[in-house]
Structure formats: C-alpha cells, structure tokens
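Heads up: the sequence shown begins at 457 in the working numbering, then just goes up one per residue.
Bear in mind the hints are in silico, worked out from the structure with no lab data behind them.
It cannot be assumed that every hint is accurate.
What the hints assert, rightly or not - Once the Cα atoms are required to be at most 20 Å apart in a straight line, the calculated EDC-like pairs of lysine to aspartate or glutamate come out as:
| no. | residue 1 | residue 2 |
| --- | --- | --- |
| 1 | LYS693 | ASP745 |
| 2 | LYS759 | ASP606 |
| 3 | LYS759 | GLU565 |
| 4 | LYS667 | GLU679 |
| 5 | LYS612 | ASP745 |
| 6 | LYS740 | ASP606 |
| 7 | LYS740 | GLU723 |
| 8 | LYS618 | GLU607 |
| 9 | LYS618 | GLU723 |
| 10 | LYS759 | ASP745 |
| 11 | LYS759 | GLU625 |
| 12 | LYS617 | ASP657 |
| 13 | LYS645 | GLU624 |
| 14 | LYS693 | GLU679 |
| 15 | LYS617 | GLU756 |
| 16 | LYS667 | ASP657 |
| 17 | LYS740 | GLU607 |
| 18 | LYS699 | GLU715 |
| 19 | LYS722 | ASP745 |
| 20 | LYS740 | ASP765 |
| 21 | LYS699 | GLU679 |
| 22 | LYS576 | ASP745 |
| 23 | LYS645 | GLU580 |
| 24 | LYS617 | ASP644 |
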Amino acid sequence: MNPSDDLNPFSSAPPPPAPSEPAPASGPTSVPVQPLALEPLLREFKDDLLRERRSARRWNVGLRLGWLALIVFLVWSVFSAQPGAKSHPNAGPHTALVEVRGEIAVGAEANAENLVGAIKSAMEDSGSEAVVLRINSPGGSPVQAGIVNDEIRRLKALHKKKVYAVVEEMCASGAYYIAAAADEIYVDKASLVGSIGVLMDGFGFTGLMDKLGVERRLLTAGENKGMLDPFSPQNDKQTAYAKAMIGQIHEQFIQVVREGRGDRLKETPETFSGLFWNGEEAVKLGLADAYGNLDFVAREVVKAEHVIDYTPQENVAERLAKQFGASIGQGAVKALRQLAPIR
C-alpha cells in the first residue's frame, strides 16, 4: 500500500469491527408476561347478571300472583262463609249446642243476630231433641241480651222444644239475662253466676283540664245534647235522669229473671243488688237448678248423647283481619264512640 493512500479522502475505510454479543446472564431466565384473558370473565359476569335478573323477575311475578290469590281467597271467604247458623240434614237425634262466649254486644261474636240465628236453626232441625246454651260470658248489652231472651221464649213455644243453659266459668249480667229464658240452668260449683244489675260508666277529665289549662268548647242545640260529656262538669239534673233510666232497665232485668225462674227463685235483699255468687250458692238461691256440664245434660237430661254444634263460626277473612290488627282499630273506634255504655 502506498503512503499516499492514507491521505486520499475517497479511499474506502475499513469496515468497523462487529459488536460483540453480550455474554449470557448467569441468573434464571425470565418468562414473558401473557395478557389477562378478559373475555371469559366478562362472559361469566354477563351470565350471572342475566340469571339474577331472571330470578328477580320470577320472584316479582310470583309475589304479585300470591297477593292476587290471597285477595281472591279473602273475597271468596267473605261472600261464601258469612256467619250464620249451620245446617245438619239427616243428623239423627242429637243435642243442639249453641255457644255464648265473651262480651254480648253488637259486632262481638255473641251478638243477638248470631245467637238468634243459631238457636232458630237448632230448633228447626227435626233431629234436635233440645238446645243447650253453653255460657261463658261476663255479660254486655241489655238490648242484645233482651232480644235473645225474647226469641228463646218465642221459639220454645213455637217448636215445643226445651232450652237448657250450662254455665262454665261465668254467667253474669247480660249473660244471665239470656240464661233466665232457659228451662233449667246447670252450673259448676265454682262457676260465677248473677250480677243482676245495670251500670253506665265513663270518665271525668275536668280537674285534669283545669290543671293543664285546657278549655272545653262544646256547642249544642238542645240543653241536654251534651249529656254525660266527660270533658264537662256533671249536671245534677242529667245525672238524675241517667240514674232513672238505668233503674228502669234494671227493673226490666228483674222482671225477666222472676218470670224465668218462677218459684225456684229464693229472693233476698241481695238478689238483685248486682252481687254474684259461685255455683254452689247460686243453686241454693234458686239462680241455678243443679250441677252439670254439657255432656251430663246431653246424656242424662236430654237423653241424646250425640252433640252437634250450631254456633256460627268466624270466617277465615275475619280471622286474618284480626291477626293484622283490624280488631285493634275497631276497638279504638268503639271506645271513642261509646264513652258511657250501658251494661
């Protein structure tokens, strides 16, 4: 090579040396990261969401159908199971039972409409030998009790069948008013019997209103329209009138007992005072005839041991309404409307 070649700019330069490859690392070999499989996860999430929506839709539809079925059932119960007397065709000779339970009042289980309907059905049944009133009641409305008493006497004369009263725990006040129409009254020696009297109760809030600074503003047309108002002072004239009125009802009660018991009644100064006695004393006083329960009367007195119950039964709708608290609301309204009931 000529020395002049080093000075020639156009001469070709020697190729640069090839880079040396790096030496392999002495540590473990790294694995490349794969991307997440999102598509299967999204598909699974979508399927779960669809299943939940279908389940919620089926639940809503089922719930609505359930409520619809309940409403239809309640409507059917109201119209197809109205309280009333039972019919027992071809039952054969038997003792007819009618229960008198709880308070005797309009709207109560033991109201005149229910009791009279049941007694009438029992009397009209050709298989019934007699009717037994099984009584467990503290009494109630003298009007309701009077209606039942009158109907018992009428039906006895019409159908020539006897009626017996069997007292369990209690037969007091209006309940005894009904029992007095029976031909015979049977009790347990520990039964409570009597309370032949009338009461009218209420409350007076005038003293409390004065302490609280509450003013009563009552407007009436008629001087006695606000009679016995619990938020107004007592009026002597109105109080005397109320006492005379319940006195007349008491005399009606006494007359019914005397007619029903006749010579069996052994009157004392306390007989019509409102006192009550146990069954043992009631028999001694002539308020009852003897000891006995339903089975005894059916077997030994009526001579028809088979007993058929004619008591009107509460329908399903009424039971459900009471369970949901309808009876509580009814009781509140009743309490507000009847501030001074007569019993």
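Each hint, compared with the structure:
A hinted pair counts as satisfied when its Cα atoms are at most 20 Å apart, and LYS693 with ASP745 does not qualify at roughly 43 Å. Distance hint between LYS759 and ASP606 is unfulfilled; the C-alpha atoms sit about 26 Å from each other, more than 20 Å. Proposed proximity of LYS759 and GLU565 is contradicted: the alpha carbons are some 29 Å apart, above 20 Å. Between LYS667 and GLU679 the alpha-carbon distance is near 27 Å, which puts this suggested pair outside the 20 Å criterion.
For the hint pairing LYS612 with ASP745, the CA-to-CA distance comes to about 19 Å; that is within 20 Å, so the pair holds. A threshold of 20 Å between alpha carbons decides the hint, and for LYS740 with ASP606 the separation of about 26 Å lies outside it, so the pair is violated. A hinted pair counts as satisfied when its Cα atoms are at most 20 Å apart, and LYS740 with GLU723 qualifies at roughly 11 Å. For the proposed pair LYS618 and GLU607, the alpha carbon gap of about 13 Å is at most 20 Å, so the pair holds.
A C-alpha spacing of about 25 Å is found between LYS618 and GLU723, which places the hinted pair above 20 Å, so the restraint is violated. Taken as a hint, the LYS759 and ASP745 pair is honoured in the structure, with Cα atoms around 18 Å apart against an allowance of 20 Å. Between LYS759 and GLU625 the alpha-carbon distance is near 24 Å, which puts this suggested pair outside the 20 Å criterion. For the proposed pair LYS617 and ASP657, the alpha carbon gap of about 39 Å is over 20 Å, so the pair is violated.
Our distance criterion of 20 Å between C-alpha atoms is met by LYS645 and GLU624, whose separation comes to about 10 Å. Taken as a hint, the LYS693 and GLU679 pair is honoured in the structure, with Cα atoms around 11 Å apart against an allowance of 20 Å. Proposed proximity of LYS617 and GLU756 is supported: the alpha carbons are some 16 Å apart, at most 20 Å. About 23 Å separates the Cα atoms of LYS667 and ASP657, which puts this hinted pair outside 20 Å; it is violated.
Our distance criterion of 20 Å between C-alpha atoms is broken by LYS740 and GLU607, whose separation comes to about 28 Å. Between LYS699 and GLU715 the alpha-carbon distance is near 24 Å, which puts this suggested pair outside the 20 Å criterion. A hinted pair counts as satisfied when its Cα atoms are at most 20 Å apart, and LYS722 with ASP745 qualifies at roughly 12 Å. At roughly 31 Å between alpha-carbon atoms, LYS740 and ASP765 are farther apart than 20 Å, so this suggested pair is violated.
Distance hint between LYS699 and GLU679 is fulfilled; the C-alpha atoms sit about 18 Å from each other, no more than 20 Å. Restraint check for LYS576 and ASP745: the C-alpha separation of about 24 Å exceeds 20 Å, so the hint is violated. The hinted pair formed by LYS645 and GLU580 fails the criterion: a straight-line CA distance of about 33 Å is larger than 20 Å. The suggested pairing of LYS617 with ASP644 is violated, with an alpha-carbon distance near 24 Å, which exceeds 20 Å.
Going through the hint list in order, the structure does not satisfy hints 1, 2, 3, 4, 6, 9, 11, 12, 16, 17, 18, 20, 22, 23 and 24.
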